[in-house]
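Could you put together the complete structure from these sequences and hints?
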Amino acid sequence: MMAVPEMVGGTDRFCSDFMRIEEGRMFGKAGAEGVYCIGDLETGLGIAIKIEDGNGRATSPVAVEVLKQLDLLSEQKCERLHDYHYPKLKNARQEVIGQLRPIFSLKNG
Numbered sequence: 001m002m003a004v005p006e007m008v009g010g011t012d013r014f015c016s017d018f019m020r021i022e023e024g025r026m027f028g029k030a031g032a033e034g035v036y037c038i039g040d041l042e043t044g045l046g047i048a049i050k051i052e053d054g055n056g057r058a059t060s061p062v063a064v065e066v067l068k069q070l071d072l073l074s075e076q077k078c079e080r081l082h083d084y085h086y087p088k089l090k091n092a093r094q095e096v097i098g099q100l101r102p103i104f105s106l107k108n109g
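Positions 1 to 109 (my numbering) are the ones given, in order, by the sequence shown.
Read the hints as simulated data drawn from the structure, not as lab findings. There may be inaccurate statements among the hints.
Simulated pairs of lysine to aspartate or glutamate, DMTMM-like, Cα-Cα distance not exceeding 20 angstroms [as the list claims (entries may be wrong)]: (1) Lys29 with Asp40; (2) Lys107 with Glu52; (3) Lys68 with Asp83.
The calculated label-pair distances, taken between Cβ atoms and stated as ranges, are [what the hints assert, rightly or not]: (4) Arg93 with Gly31: 26 to 32 angstroms; (5) Asn108 with Leu41: 22 to 28 angstroms; (6) Gln94 with Arg13: 14 to 20 angstroms.
Quick reminder that beta carbons are idealized off the backbone N, C-alpha and C, glycines included.
Written as structure tokens, this is what we have:
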């Protein structure tokens with residue numbers, strides 16, 4: 001997966017770009033119905049994300065935010081994933097009409 005990330009998600013996709021940026025440390029894969037899973041080889045941590053309504057468009061913003069809050073993503077890497085963290089919403093004419101923004105805090109314990 002990490003040797004050739006494009007084989008996981010294709011080009012210009014969060015899965016592939018995330019693994020390329022992480023340079024072999026973390027891997028991620030989208031699943032059906034709003035599921036996204038991440039593994040961190042350095043810490044041994046596994047993260048599973050489920051978007052309640054099943055829509056996958058929120059998985060990448062939530063994944064980046066979770067990694068940011070857990071201090072697993074440097075500011076530089078977070079900046080490189082900015083368009084996945086805060087994706088623009090477009091209408092049928094491809095005009096920007098809004099933006100997704102993850103707003104939550106992880107609980108400790």
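Review point. Which earlier hints turn out false for this structure, listed by number in ascending order?
Key: none
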